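K.L.:
The task is simple: from the sequences and hints, build the whole structure.
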Amino acid sequence: MSQRHFIFLCLLPLAIFTLAFLAIPLGRLILASGESEAGWGIYLQILQTPRYLSTLVQTVVVSLAVTAAALAISTTAGLYLVRNRFAGRNVLLSILTLPLAFPGVVVGFMIILLGGRQGLVNQLLPGYWVFAYSIIGLFLGYLYFSIPRVLLTVMAAAEKIDPALEEAARTLGAPPWRIVVDVLLPGLSPALIAAGAIAFATAMGAFGTAFTLATDIDVLPMVIYTEFTLSANIAMASALSVVLGLVTWAMLLIARSFSGGTVAAGG
1 MSQRHFIFLC LLPLAIFTLA FLAIPLGRLI LASGESEAGW GIYLQILQTP
51 RYLSTLVQTV VVSLAVTAAA LAISTTAGLY LVRNRFAGRN VLLSILTLPL
101 AFPGVVVGFM IILLGGRQGL VNQLLPGYWV FAYSIIGLFL GYLYFSIPRV
151 LLTVMAAAEK IDPALEEAAR TLGAPPWRIV VDVLLPGLSP ALIAAGAIAF
201 ATAMGAFGTA FTLATDIDVL PMVIYTEFTL SANIAMASAL SVVLGLVTWA
251 MLLIARSFSG GTVAAGG
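FYI, in this note's numbering the residues of the sequence shown are 1 to 267.
Derived from the structure by calculation, the hints contain no laboratory data.
Quantities reported herein were computed from a predicted structural model and do not represent experimental measurements.
Hints may be right or wrong, so weigh each one.
Here are the simulated distance ranges between beta carbons [as the list claims (entries may be wrong)]:
#1 L9 to V105: 33 to 43 Å
#2 A23 to F207: 14 to 24 Å
#3 Q45 to V105: 28 to 38 Å
#4 S257 to Q58: 20 to 30 Å
#5 I234 to I254: 27 to 37 Å
#6 L53 to T97: 29 to 39 Å
#7 V121 to L53: 31 to 41 Å
#8 F8 to V121: 58 to 68 Å
#9 E159 to L124: 35 to 45 Å
#10 L47 to V121: 34 to 44 Å
#11 Y225 to W249: 39 to 49 Å
#12 R170 to R51: 34 to 44 Å
#13 V181 to W249: 29 to 39 Å
Glycine included, each C-beta is placed from N, C-alpha and C at the ideal position.
P.N.:
Here it is, written out as structure tokens:
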């Protein structure tokens, strides 16, 4: 068997999978979005309908906020965990990464137990802190999901930064904030961009947490679900899915261009 035939046989399963489970369903999704009375004008209809447009904007804003918070928290924690060894470090790290084991519905249920009408916070402060079903609860649920993904990426990148660079900066009299700005952040920037893109994409498409918590707000995955299941509006559900995919794809493309092609590794 020649090398060319061997490579072809190795790539054949990938080609079949890509065609059967990615290319064909995606093409069918795009075609289905134009099968309503509005035709391809359905995309203009999304921009002209306040509910759809506000939901899209709200989903993007929540995803960006979750990404920023996850990057800030995970970068700080990741740098500390990489640079310090202490008793209970592995236990703390396992707790921080525990959300990876939970589906979105469980995360949403935990937020309800914390900030729901019968939640712990409302029992301590009755009538004041029912936040589980609002945008705050959704933000916390998404953040809970995103922190471990960003944390592991940041820690992997921080371990590759030579501590001698930090020591040299200290020797030259650089204050701690200059070391962070001039040494650590430049070294971490590709990983931060990649991890941020993955956190954004995850928040944009998260359904289980939104399904559990989104009582008072709309996010795009929930609107797609209701259009498909309750209204049987296949064309609109398909069009909203395409818009969701395009926004997420654009963010990943931008992040990939800034991170030097490391976004996939960051996930």
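K.L.:
Is 27 to 37 Å right for how far apart the beta carbons of I234 and I254 are?
P.N.:
Holds - the Cβ-Cβ distance for I234 and I254, about 31 Å, lies within 27 to 37 Å.
K.L.:
Do Y225 and W249 keep their Cβ atoms within the hinted range of 39 to 49 Å?
P.N.:
violated, 21 Å
K.L.:
Is 58 to 68 Å a correct range for the gap between the Cβ atoms of F8 and V121?
P.N.:
Holds, since F8 and V121 (Cβ atoms, about 59 Å apart) stay within the stated range.
K.L.:
Is the hinted range of 20 to 30 Å satisfied by the C-beta distance from S257 to Q58?
P.N.:
holds, 26 Å
K.L.:
Could you tell me whether the CB distance from V181 to W249 stays inside 29 to 39 Å?
P.N.:
holds, 31 Å
K.L.:
Please check whether R170 and R51 have a Cβ separation lying inside 34 to 44 Å.
P.N.:
Since R170 and R51 have Cβ atoms about 55 Å apart, the given range 34 to 44 Å is violated.
K.L.:
Determine whether the Cβ-Cβ distance between A23 and F207 falls within the hinted range of 14 to 24 Å.
P.N.:
Roughly 23 Å apart at Cβ, these two residues keep to the hinted range, so it holds.
K.L.:
Is the gap between the beta carbons of E159 and L124 within 35 to 45 Å?
P.N.:
With Cβ atoms ~40 Å apart, the hint holds.
K.L.:
Lying within 34 to 44 Å: is that true of the beta-carbon distance L47 to V121?
P.N.:
holds, 38 Å
K.L.:
So the hint says 33 to 43 Å: do the beta-carbon atoms of L9 and V105 match that?
P.N.:
holds, 41 Å
K.L.:
Does 31 to 41 Å hold as the CB distance between V121 and L53, or does it fail?
P.N.:
holds, 33 Å
K.L.:
Taking the beta carbons of L53 and T97, is their distance inside 29 to 39 Å?
P.N.:
holds, 37 Å
Comparing the model with each numbered hint stated earlier shows that hints 11, 12 do not hold.
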